[in-house]
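Enquirer: Put the complex together from the two separate chains, hints included.
Residue numbers (this note's numbering), protein chains in the order written: chain A, 774 to 1996; chain B, 44 to 273.
None of these hints come from the bench; they were simulated from the model. Be a bit skeptical, because a hint or two may be false.
Take a look, some chain B residues computed to stay more than 12 Å from chain A by CB distance [what the hints assert, rightly or not]:
#1 G74
#2 S76
#3 G137
#4 R191
#5 R242
#6 E244
#7 E273
According to the in silico footprint, chain B covers these stretches of chain A (three or more CB under 8 Å from chain B) [claimed, not checked]:
#8 777–784
#9 1505–1511
#10 1712–1724
Quick caveat: nothing in here was measured; it's all calculated off a predicted structure. Ideal placement from N, C-alpha and C gives every residue a C-beta, glycine not left out.
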Amino acid sequence: MTTWTLILRSLRFHVRSHLGALLGAAVGSAVLVGALVVGDSVRGSLRERALERLAGADVSINSGDRFFDSSLLERTWQSVNPASNAGQSGQISPELIWGGLDGKFGWVGLMLPATAARQDGEARANRINLIGVSTNFFPSRIAIEPGSVWLNASLASQLHAKVGDALVLRTHKPSALSRDAVITPRDDQSVALRLKVAGIAPDAPGNFSMVGGQMLPLNAFMGLEQLGTAAGIVGRANLLTVGGAYTTRPGSFFDRVILWLTSPRLTGLPRSRFRDAVFRSSLAIAVPASSAQQLTNLEQHLKFTWSMRDAELTTRTLRLDASEKSGEPMHLLVELNTSRIFLEAPVVAAALGKEKNGTGDQTGSPGKLTPLTTAVSTVSSEPLVPLGPRANVSTNGIGVLTYLVNLIRAGERAAPYSMVTATGAPWVPADMTDDEILVNEWLAEDLKVRVGDRVELSYYLADSGSQLIERTNSFRVRGVVPLKGLHADRTLMPEFPGIAKAESTHDWDAGFKLTHKIRDQDETYWKQHRGTPKAFITLAAGQKMWSNRFGNLTAIRWLVPTNTSPESLRASIESNTRANLDPEDVGLKLEPVRERALAAANQGQDFGQLFLGFSFFLIGAALILMAMLFQFGVEQRASEIGTLLALGFQPSQVRRLLLAEGVVLSALGAVLGVAGGIAYAKGMLWGLSTIWRNAVGASPLRYHAEPMTLVIGAVAGTAVAALVIWYGLRKQVRQPARVLLAGGEVQGEMIESSRSPASEESLRGSSFAAIGRAGRAGLLSIAVALGLISFAFATSQTSNAGLFFGAGALLLMGGLAFASRFLRRLLRHASVVPSLGDLALRNAARRRKRSLAVIALLACGSFLITSIGAFRLDSDKDALKRSSGTGGFRYIGESSLPVVVNLNTKSGREEFGLDEKDLTGVNFVQMRVRDGDDASCLNLNRAQRPRLLGVEPAELQRLTAFSFAGFAKGFERSQSWGLLAESHLDGAIPAIGDAASIQWALGKKLGDTLDYTDKRGREFKVRIVGAVANSILQGNLIISEDAFKERFPSESGYRMFLIDAPSNDTFAPGLTRAMQDVGFELTPATARLAALNAVQNTYLNTFQVLGGLGLLLGSAGLGVVVLRNVLERRSELAVLLAVGFRRRAVQRMVVTEHGALLLIGLGVGVAAALVAVLPALISPRGEFPLVSLALTLGGVLASGAVWTWIAAALAMRGKLIEALRSE
Amino acid sequence: MPDALPVLRLTNVSKRYSSTDGGGELVVLQGISLDLQGGESAAIVGPSGSGKSTLLNIIGTLDRPSSGQVLLDNEDLSRLDDNQLAAVRNRRIGFIFQGHHLLPQCTVLENVLVPVLATKDASLRNGAEARARRLLDRVGLGARLTHRPGQLSGGERQRVADVRALINQPKLLLADEPTGALDRASAEKLSDLLVELNREEGVTLIVVTHAPHLARRMKRVFELRDGKLE
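Next comes chain B alone, as it looks inside the complex (with noise of 0.2 Å):
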């Protein structure tokens, strides 16, 4: 029996950039393929400038790739357009930055939803805010749901970004150096926690970090080294 399409597949992807100046093309990444099926988790690790969070970027259709394709649940991602794409970051992958991106105007609650706002899907809308609470809660935020970004500690602006990306129940979590700009303490609770939503969420989750016991409590670990993965 062969094997479940993977969730995401990523074959020969290339990137690289020539100098305005003329001096030549610096190749960021090559020939980049992978495939992880659902509910798998992945650390990318590598040194920096290695490209990890283009490859990232690439992945959740931040950036496009030179070359090579990338394909989400089977769907050339390539062949869409900005708005599909954006429709695609919204409803089918999260995103977790390392500086968290909070809109500082908005509460906790508020900024959980904000992902909401993008969709006109009504039956996203309507349970939205029950599944905003029930995460929050989850991740031990419940009762800091009216609190602004500026009011909270780093470790708990974390968890609020992780539960932003999860409010649209996306297949694929990605987070770019979530706990680097965490204390210790911090980044162990964030990474138990992330193991937990990969887990309990069933979501597939790629995890672009330096942090060793990070990457090791991953199911997978790729390095990526002068633009290759290995």
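The following block holds chain A by itself, in its conformation from the complex (with noise of 0.2 Å):
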């Protein structure tokens, strides 16, 4: 006999008055794991997801609107490949193995921004991702033919799109300069594709995205070469994807045992030479490498595998013949430029053998570190050449600035649209100012001017985009050059786009309308000279007016010395560019996007901990009901118990054994508990895919449980339901064992006389004082509440739910203090002649702490999931307001496409032909996009870097949009917006953003900063300073355009309008229609407003229907209340039956007297919870759920009294006189 075999025998003796115990405890620990599960599960879908849309990716290159070769992966698996020649493998170290080329080891594919629509034009789709994709895209190595594209679900579904059916999908061609540059074509921008559907692609890898979110993206896939062909870039890519290397570790013993025990068949091997080889050779296990480890990896390889195509750089010898009559030599020079126009700072340091400082001194004028020889030699050009330590190896080069210039005027005379080049000698002598210029013959003669003659030049500021500033500056006449030779250089002029393949004049698309007439001389010149420059000046001169964010030269030259040849020095200079410049620095940035991704998944909103929160009410009402009906069992064993302290046990002792009952019911429970929380999390996640939908945004659920995760469930589950356990018997076996062994319950009626007559009357005493303190306090409570309420009403404050909050939780304060001064003046009462109904009311008073207990549970559990409803958001509150979640603003737009106008300006305007009529009293907040992780509600993940929305300060603190919710330490309120424009000692960028999404979303709080990457692969910081409240802004932190366009000067034109409009509505459609082609889609602010809000009103609604099912739980417990109060009065119900009661009337007395209990909390409850969602009930839009509340309420009164006539009927079952017998 030991402890435990008294333990096991009293659960099994027990057994059925344990089972209650049993499934309440099985009830808390299913809710309990349940929610853990719900977490796994949605970290496990997010994780699916994550790793669904990286379409095997580990580790990417994704260049935006930079293209490089298409064949970089074909140079890159050559270099990581051992078995080729080119390999670089034995350089490089953690050495890897990778996949091959059918897909294993990456893919490359050239992703545009599109919308598309049906040919019938029955449905369109914006914002879908047009992706060019090689045939190892797939696993299943589709190969899209020509003509044909391959559509993910989502798309097809938005389309309703089906194989066979045609549609157009648009997209911008990719345009070589910025389109925000001046010098760019406004035609041509955008390229109709008309496409059948062949196939709609699995979700792997057909919902591939680079972008982390919930949504799933509108995908339409073609062949790379297709869509290269149809953009006008044919053979380049952005998006490079590599992953699924491995690594290897020494087998350890173990590794060799199981190798030894599984695989000897497989190499054919003898026994005891393979057991030989398992156990006597060194052997290498594979293991998949981190993504860390492939990034390490690839970038040392991505070194040596990038070429100057990939950086969109050329270079080209020039062979400048000389005129004869001159007798000048032939200039032989090799030049350095961009297909983007512009060379970058970095390459332009590169290139020179300059520090590279990304923002700093661009004057192509040697750098400190520049040797002054030309250093040439015959280094291969072959891309695959092992480089060398990065090169200091500088060379003469010289840079150059061409530049379009409007007017070249000279008093009267002027020249229209000319180049001008900026430039150093010999194209202009060394000696030359920068307020000086050489113009060329024709041009002298053109505008009659000679040295010492004074032109002006009139050119539109580089990126002033469709603003067109134009500026003027005046030069003199340093001399004449003869348009030979040097001088009648046409590649001077870079390849502007719409410019330099025009055959005239007039078939130029400058990107802005001609407004200077272009004479007939000037037509002859572009026929004969093309863009041959008019005028050189210097290159400081044509830097300080034409310097713009996309670059400070068009070109860099170098003159070829006589001792060497050209092609050696073209190989030199792109060598030493190369070996100076980082990949990253022309775009090629690989990212770990895997490690990214499972990040976001794995730190994502935690929806365990959520639906905790959400369950404990649940959790709350199984426990209590479980230690309830345990306390119960355990009073029913009153004897047993006086038994053993008879017998010498202490009470600790019995407590201890009774406890360890306990912790066997509750590890019991638990185990069924896990069963049932599978089912509960399968039921929550149906929840969340139908009815709470909301909640997580569009990604379906699907149910996944760690083995650790339902471990730890049940660990807790048990924990909990013990420690409740523990809780409610710290009380029991107080009674002593001679009252025990008699019966069980003090019976009250007498005390032993140690006590005085002193302290009974101060016994007394103080309990007359806190009757009348409950009183005293319910009716302050009830006081103050009615004070807030008048409050609220006097000063116009109806809407404010914190207020009303308040009351409501002081009336419950005051109304459960009434219950209790009430159940006093019951006991008190008496009458000659009792009904039976005065009696009930007055037994509801004897356990006055028992009733109150129910009246207290019932009354916060009804108060707290209904006036939980008090917090829901209403997006249509004060929707005009300017400090409203919409800023006052009727719509948001967004577009696929930039749109690089200006649309409150006429002529912004007239680009979409849009009438100035229709869009009177409409404004556009323009912002540009740097697209990111969606850091809204809508995202589950934890977004790592979330989309960046560049705008003009000033414009939003002029309208004092928006609500603050807080600004960060040391930044000052009353500047608001203005705060974006300040800049930061440390060089972080200042940002605002919602402060629902800072907390939630990105997991981060005013002051801290994140880390971004810019276009040139530098890493900066954006530090958060404000917080705006509940706004449209969710998901995006917000950036000055200003530091927008320094960090990210290729991101053309704005993609995100917030408008003010009249409050009719007439130009939406018109303005949807003219602006359909950039894929222009207007949402009113409210509507979006209420899409963000459905997460938290869902998540209330979440609260309120498990708070419900809790409560409804909790009722139950109000039969084990009446279980308990009628088995220890049977002898006194009786008596009733033994004076002539009925049966039924007696049993109806004890219904009465605990539906008064019900009804007392239930309407203290209610009624506080009413005034605290007043503010929700009276809104216009009234979205509170009065129907699905009432049902939950109505359901737990129901509940309540049948749990209260089933537990009186139970109670008073049998011979209920031979209770007066035993007695």
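Expert: Rendered as structure tokens:
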């Protein structure tokens, strides 16, 4: 006989009475386990989605609007493949084993933003990704035929498209120059593709996306070559994804044993030789390489494999024939230029051998590190030739900046639209000053100018975009150069798109309207000399006028020394440039996308915790019910406990025995709870996929359960249940053994005389005082509550949820205080001839604390689940006020393709054929967009790099749009949006976000920073300096437009618009129609806010439903209380029967007694809650879920009544009269 | 030569209750004094409500006197805390209740061994099972070791309760109406058994009873009337 024997015997013997407690523990554990499994499922689904969207990528390059050569993948494979002669693997650590080119290594793609529409016009989709893919993109190696397109399921669904349907997809042809640049064509920007749907891609890889978020992307897939051809960039790509590498580790003894046991037959070796091979030779085990290992490995390979072409850089040899007349020698030059027109700062620095500093000096003049010799060697230009350490080899390169000047004027004479080159010697004299100009003889003649005359150059600022800001500068003519030799070089003009290939000036598409008259001689000049510059100025002068965010040089030129061949100089320049550049400087930035995506999923919204919170009431109710049932069972064992005490057990020993029983029950309940929890989780997932869909966005949730979660859930369930039982047992086993042996209950009529009459008096006195205190506290609470309500109405703060919630809570406290007082009064109330009803009420007051606990539980529960509705967010509330979540804007607009004009100007509106009259009173706040993770509540992932919006801070400040929830320490509230324009000592860019996004989606707080990478691969920090409250800006971080342009110079145009508009919405259809080619979508701001609010509102609904279930379960507890009360009073009830009352009447008395508790509890709770939710009730939209709440509370009332009736019937079952006899 | 110290000495023991509604004081026991030597047996008789069970509970440390002293082996029990009293009950006092109070979930043998679980004394624990078997054999229940109380007759249950009371070899055995719930024949047998156990185990026995035949078999008989022992 051991203690455990006794415990197990007791459990077995009392199995029936323990069954209820066991079920309670099981329900509690089930809800707990279920909540955790919901967390697992959401996390697992997010992980699945994260891996699905990456289509097998571990590491990727997403170069956006920079296009590398699509052969980069193959070249990289050649490098990583040890079998290849070109492999660099011997020089690179860590060594990794990569898959083949059949898709296991990676794929390249070309991704462009697009819109899609059915050819019959029945459906359209904006903001789609048109992706040109190589055949190894699809695991099944689908080759997409020319003229056909594959869609992912979401896009097919939106377009109602099926195989064979005809679609029109429209995308922008990538522009060599940013569309924000002045000289970039406005026409021929978009290309329409008529394609037939050839198939619907499976989710993996059909849902490929480089952006983390909940929303499934809208993807259309074409062949890489076909898309490249259509977009005019054949052979180019902007996506490269690689993954699936393995690394090796030395095999352990365990590995060898496993290998020996499992694989002898595979090798075909005799067993003894196989054993020797396994145990005596070295053994390497392949294990998947981490993203970090793959990233490091690939970064090293990429340094060898990237080429000038990948950076859109070209070198060429120029032979400028000498004029026969002049007798000048032939000029032999090598030029470095870019199809992007302007050479970026890092490229210039690398080519000229200078330290790269990003935004520093870009004059093209020799820098401090530049060796002053022309270092020419016979370095091979073969891309895979290993490069040595970063070279400081420099050259005597000469920077060239050629720009289109609108007008060159000298007095009354003017020449329109001419190229002017800013450069150094030998094109201009070495001592030429910045205010001097060389004009060619044609221009001198045309303008009738001579040396010493002044000419004026008028030009548009290069990055003034559609604003076309014109400036004029004056120069003194230093000399007139003949139109020959170095000065007759049409290649000085870069390949300006829209101009370079034009046969006639009339064919120019310069990007702006040619307002100056083009004369015949101008046309003739163009035909004869094309873009040959008509004038030359110093590089410094040119850069002062035309420097822009895209770059400061259009070319760098080197004079080929006489002892060197141009080919070797070119090779040397290319080699040096590549050696001095990091691939990321030219957009070839490898990102550990898998690691980042998994981090986003793993750190995402913890639905486990969320559902634990939602289910708190349910868990609490189940555990309280369990504890009540367990205690009830213990109370039935009074004699047994008395016996143990009499036999010499200490009360603590007896409590431990009972607790041990409780722990075993809890553990058993937890085991059952695991099964129940899985069912509960599946139920919740069903809810999240249907009625609570708004809480999780569009992604489907699949069931996932980690074994460890089930174990943790079961252990936690056991622990919590055991804790509750322990708490309940603390007051058990306090009665003396003799009392317990005598039948259990202390009668309470007699107390030992050791208490003095004085203490008796004081006890009574304090009791009276307590009654007084309760009443006074109740009155005070109610008075303050009424005061708050009056104040709210008097000051028109009827939408102040906090005020009303406070009033409701005070009313609840007051109500409970009065309930307590009411019960006390009942006990003291005495009527001479009591009715059964009187008796019932007085009985309710007999176990006052027990009755009050029931009332409080029901009141608090019903108050909580009803009043939580006070926190529902109403998107219509003050929607037109600037301080509201809409910022007072009527619409929010988003376009698939950038809008490069100012829609507030007449010219900008004309660009889209918009009628000025239709847009009267309409104002646009235009925002630049840098795509990133969705950081709104609609994304359950932890956003790693949220979308950035660039806005003009002054505009939002002028409008005083949105309400600020807070500012980072040290930042002035008064500055509000002006904070964005501030610069910070540490270089971090100030940003403002939505408070909810910052807290939940980013897991950050005010003052924190986020790391970003700019277009040139440079890391920079964004500091959150302010947070706006509950707004349509959710999901984004807003920075100043200037900072945006500096960091993302080639992100052209605007893609998001906050729109002020008059109350009539007549302009909306016209605006959408006019801008449909850029995929423009208008959403009412209130609708956007409602969609975002829906997440929080759905959480509240979930809480209300689960809270309601908890309350329902809690009402079953009322049944237990009834059972306890009635069983304790069986003999009393028997007396009533004995004196002639009918059984039904007595039962009715019991039901009345407890029904009163139920009604008081629910009444107090609901009345207080109605006050708390008054703002939601009187809201014009009235989204308050009155019906579901009424059903819930009605259900609780009905359930409580049924349980009470059942308990009363059960307790009065059998021969009650015998209770008298046993007395 | 003075008498040996009594195993049990009660000096002026009183027990009073007062009504919660202030209706005056109820005196249950008044100035009870009593000495019992080791191996002695005594019966306490008296009408219902005379305080017999209260007195037994005070002696058995299940209750405390309002005044007076209870010495067990010359140790003043009023100086002990609840845990020490529990240890006294477990090791030095055996209690036989009117309603046997066996644990219904345990077998006969287990019921007997339950008091052993409350002690940490290894020497007592080690020999407990053998002692239980011997005692059960001794009371004729050797063949019923694995039976549950529900499978036993009233007399048998009472005998199991007797053995349980003796398992920790107490010096004092208290029996509260041990035959009250038994038929005549069973009551006779139990009376025999108690007397035998008193004699053979050398335990001091106090029996509270209404049954004259049982009282007569005790060496000393006390009558409790109006709270006083006569």
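Enquirer: Give me the numbers of the hints this structure contradicts, sorted from smallest to largest.
Expert: 3, 4 and 10
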